Amino acid sequence: MSDPAPVIAARTPKWIVGYLFVAPAVLLMGAGLIYPVVQGLLLSMQDWAIGTPMSTAEFIGAENFLRMLGDENVQESMWVTFKFGFFTITIEMTLGIALALLLEKPIRGASIFRTIFIMPLMISPVVVGLVWRYLYDARAGWINHYLELAGFEPLIWLGEPHLAFFAIVFTDIWQWTPFVFIIVIAGLQALPSEVLEASRIDGANTWQQIFLVKLPMIRSILIIALLLRLIDVFKGLEVMLIMTEGGPGLATELLSLHVYKTAFDAQQLGYAAAISVLLLLIVFALSLAILLISNPMKTRADV
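Position 39 of the sequence shown, counting from 1, maps to 39 under this note's numbering, and the rest follow consecutively.
Keep in mind that a hint or two might mislead.
Unchecked claim - Label pairs and their in silico Cβ distance ranges: (1) Tyr134 / Val26: 44 to 54 Å; (2) Ala198 / Trp15: 36 to 46 Å; (3) Met119 / Met54: 41 to 51 Å; (4) Ala198 / Pro36: 47 to 57 Å; (5) Pro106 / Glu72: 47 to 57 Å; (6) Gln75 / Phe166: 17 to 27 Å; (7) Glu72 / Val126: 28 to 38 Å; (8) Leu33 / Leu121: 20 to 30 Å; (9) Met54 / Pro216: 51 to 61 Å; (10) Ser287 / Pro125: 15 to 25 Å; (11) Val26 / Ile282: 22 to 32 Å; (12) Phe113 / Ala190: 14 to 24 Å; (13) Glu72 / Asp202: 51 to 61 Å.
Treat the hints as calculated values from the structure; they're not laboratory data. A quick note: this is a predicted structure, and the numbers were derived from the prediction, not measured. C-beta: ideal position from N, C-alpha, C; glycine also.
Could you put the whole structure together from the sequences, leaning on the hints where they help?
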């Protein structure tokens, strides 16, 4: 009797086979990603405080979202987040690309410089926050110490709104510029040498090679680096919590930090979940806009 398995396989449409192959990954993502998002959305429609049973939570519908629309603290935290993201991402992308272009060639000591540049990535965010908090300390910090040696007055770095915001921006740049550097230099070193040599033969100078050949060819990699940094900015919490706790006032309170304080300080889990939904929607909308405008996967295929 012949085996029916080959006949069944031959009659099975190819698109079904493809879905069967990706089904385990889809189910895993659904359990690990979609389920928590759905639970968070359900929690955002309830009034629930820490320490009380979930069964005592009161369903209040869209009240948390309506409250959020008129909450000045949420609006201020959102503005601080956008402002923080604009400065950090712009400077980190610029510095990361510049450093990668400088160190892409095999020059003497390049490996040492690369190792030094990536060291901040090896440090835990909690340690980064503690180290820079002590460096910015108004009385015993090294920054004020060297300012006094140079003849300047010491500054209350983490006690003044504008200085505190500058402090967290500089700290984030110090920590995450190496991330952009690593991604960009990997892309530059993967470029085909034939294309670069052809542009050189055609008379392209150094600047023309950078802006007309190299950067356009790694455009998809730059977009991915931008997206990853955008997501990290909106979920950043540890460094700001340790350095300033969002202060003074709301000068350094990112939206993610506001969610944390609403949930665990104010113990309003339902309202914190509603703000988290807003945070998720903002990140999703910005990421989708970047992908639709740039379409890095199509660019990568064309290259």
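Worksheet item: Does the Cβ pair Pro106, Glu72 satisfy 47 to 57 Å?
Response: Holds, since Pro106 and Glu72 (Cβ atoms, about 55 Å apart) stay within the stated range.
Worksheet item: Taking 41 to 51 Å as the hint, is the beta-carbon distance of Met119 and Met54 inside that range?
Response: At roughly 44 Å between Cβ atoms, Met54 and Met119 fall inside 41 to 51 Å, so the hint holds.
Discussion item. Please check whether Phe113 and Ala190 have a Cβ separation lying inside 14 to 24 Å.
Written reply: holds, 20 Å
Worksheet item: Between Glu72 and Val126, does the beta-carbon spacing fit 28 to 38 Å?
Response: holds, 30 Å
Fill in: 47 to 57 Å as the expected CB spacing between Pro36 and Ala198, which holds or is violated
holds, 50 Å
Fill in: Outcome of range test on Cβ distance (Ser287, Pro125; 15 to 25 Å)
holds, 22 Å
Fill in: Tyr134 paired with Val26, Cβ distance criterion 44 to 54 Å
Taking Cβ atoms as reference, Tyr134 and Val26 lie about 47 Å apart, which means the hint holds.
Worksheet item: Has the hinted range 51 to 61 Å been met by the Cβ atoms of Glu72 and Asp202?
Response: Given range 51 to 61 Å: holds, Cβ gap about 58 Å.
Worksheet item: Is 22 to 32 Å right for how far apart the beta carbons of Val26 and Ile282 are?
Response: holds, 26 Å
Worksheet entry | Pairwise beta carbon distance, Met54 to Pro216, judged against the given window 51 to 61 Å | Holds: the Cβ-Cβ distance is about 53 Å, inside 51 to 61 Å.
Worksheet item: Honestly, do Gln75 and Phe166 meet the 17 to 27 Å range at C-beta?
Response: Taking Cβ atoms as reference, Gln75 and Phe166 lie about 22 Å apart, which means the hint holds.
Discussion item. Given the hint of 36 to 46 Å, is the C-beta distance from Ala198 to Trp15 inside that range or not?
Written reply: holds, 41 Å
Violation of the numbered hints given earlier is absent; every hint is satisfied by the structure.
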